[in-house]
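Here the protein sequences come in this chain order: A and B. Convert by adding 989 to the 1-based position in the first sequence; the result is the number in the numbering used here. Numbering-wise, the numbering used here puts 60 at position 71 of the second sequence, and it's gapless, one number per residue.
Since the hints were derived computationally from the structure, they do not count as laboratory data. Remember, predicted model here, so these are calculated numbers, not experimental data. Keep in mind that the hints are not guaranteed to be accurate.
Calculated lysine-lysine pairs in the DSS-like style (CA-CA distance at most 27 Å, straight line) [stated by the list, open to error]: (1) B:K51 / B:K62; (2) A:K1304 / B:K76; (3) B:K62 / A:K1252.
Incomplete in silico selection of chain B near chain A, CB under 10 Å [as the list claims (entries may be wrong)]: (4) L(-6); (5) L(-5); (6) L39; (7) L49; (8) N53; (9) H71; (10) I74.
Note that CB positions come from ideal geometry on N, CA and C, so glycine has one too.
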Amino acid sequence: MSITVEEVYETARMILYQNLDIRTTTVGINLQDLVSTNFSLFTRKVRKRIVTMGRRLLSETARLETKYGIPIVNKRIAVTPVSLLMESHATREKYLQMAHTLDLAAREAGIDFLGGFGALVQKGMTNSERLLISCLPEVLAKTRRICAFLNVGSTSSGMNLDAINLIGPLLLKTARKTKNGIGCARFAVYVNAPEDNPFMAGAFHGVGEPDFSLNIGISGPGVVRSVVEKNPDADLTQLAEIIKRTVFKITRAGELIGRELAKNLGITFGIVDLSLASTTAAGDSVAGILEAFGLESAGAHGTTAALALLIDAVKKGGAMASSNIGGLSGTFIPVSEDSGMAKAVASGALNLDKLEALTAVCSVGLDMVPIPGDTPVEIINAIIADELAIGIINDKTTAVRLIPVPGAREGETVDFGGLFGSAPVMAVRHLSPGKFLRRGGRFPAPLRSLKN
Amino acid sequence: MEKELLFISVIGQDRIGIVARIATVLYRAGINIEDISQKIMDNYFVMVMLVDIKKANCSLEKINTRLQNLARKLNLCIQIQHENIFKMMHRI
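Sequences and hints are given; from them, build the entire structure.
Written as structure tokens, this is what we have:
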């Protein structure tokens, strides 16, 4: 037999007991060629393209699940940033109609989330983009499947503080319109947003992409935790090696499925995103890996070093396995979606400051963080500005997904339901950044040298 | 003719008739067993079959459904996976 019993058993254990899965398969769809002066014709064509591709995605993923015996958890669609499609139809009514069309198309196709309802405003905003931002609370409240994003900065163009100043009000309005503020879970604000990210809420089909592309996110926090636990005496060099080998294997599985799925769909294979994505399932936690490293809890001193080592090893193993690594490829530390992180917050081990520090080395951002619903807009905007400044200065992606939970106070546990998980509302500082933020304008593009 | 090889992995408690009953499902589906090995690992009975489905008389979905029904009856975990996933994961 070309493959040994041990190898088959190792693979089966990863899938059966350690939650190895293909976390997401996301088809990026270009909609720019459908733009028409006839708006109703335009929306009909958009709907048709999404439904056709969405249905094919679902049937082809089901076939591959059977063929390879590996679960493909999420099947999603990302479209061209909607603000670009609406430049010549920039009215509130038409924006809401487009949101409705996309939401219905996703439902008709059987797709749970459709990303791309957003704009790239890193240097400034057009009229259409301002309108999109003003419509977002209503869009998020009235739809169930639409995911929205804004890219408000990049290392090469700086950071748009005027756009950031619009986000606090946007989040508070959205939160008031949806149960426990859950509408905010479908909105992410970025700097250096990748154009091929397969993960929601921030997925969109960038303007540098082909007509269609398939991007895939693998996931194996449970697998990594298991190998770390099996090697309690390994030093850090050995630990890095063990993680690299493991991630190599799971990335190869992702590469195989991605390539075959793209071929079957007749579209371009884009990238494999290496991000470790936690879920609420027992053991499928990034905090769990850090604790297996030997930390008493995520959030302890040493967490930044441990996470840096972990993700560096993940990237090295993944880069060896595939030449198409892309997307975010860092780690998500979603507070509510990772039961270990939520526990660390509840025990007081982990706070917003430590989460922010982690994003400087490898995390993608402040993700699924519930904060008190009465947090002033200027404080929300300042949390976002701090987090995004880390991204532009370090030439990496960072993002924020905050949920100001209406009526909830610090320490109260909020249950967002299902995959969104639950977490205690996190404390924020109350000192005012108001005068600083009201200056507005643009944070100039940072230097790429003199890096100390 | 080129073969289409899949691995069937069986994990659980050892008992009489596992091989016979799986082999019967495969025989009825027109599937040839190319190789079998088994071992005790982590106190589990682990059996791996390499099978060729090129001449199978029904779809992979149907074969999988029949094997999953059998898995429930025998309280075992049975997985069927194309050989390519193992080649990709375990060979450079």
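Status of the hint placing L(-6) (chain B) at chain A (closest C-beta pair under 10 Å): Interface hint status for L(-6) (chain B): holds (9 Å vs cutoff 10 Å).
Restraint satisfaction for L39 (chain B) [CB to CB of chain A, less than 10 Å]: Interface hint status for L39 (chain B): holds (5 Å vs cutoff 10 Å).
Restraint outcome when L49 (chain B) is required to lie within 10 Å of chain A by C-beta distance: At 6 Å from the nearest chain A Cβ, L49 (chain B) passes the 10 Å test, so the hint holds.
Agreement of hint I74 (chain B) with chain A interface, Cβ distance less than 10 Å: 5 Å, holds
Satisfaction of the L(-5) (chain B) interface hint, Cβ to chain A closer than 10 Å: 8 Å, holds
Straight-line alpha-carbon gap K1304 (chain A) to K76 (chain B), limit 27 Å: Within the cut-off at roughly 21 Å; holds.
Given hint N53 (chain B) near chain A, where the shortest CB pair must fall under 10 Å: 5 Å, holds
Hinted pair K62 (chain B) and K1252 (chain A), Cα distance within 27 Å: 37 Å, violated
When the least beta-carbon distance from H71 (chain B) to chain A is tested against 10 Å, hint result: 5 Å, holds
Hinted pair K51 (chain B) and K62 (chain B), Cα distance within 27 Å: Cα-Cα ~17 Å, so holds.
Hint compliance for this structure: hint 3 alone is broken.
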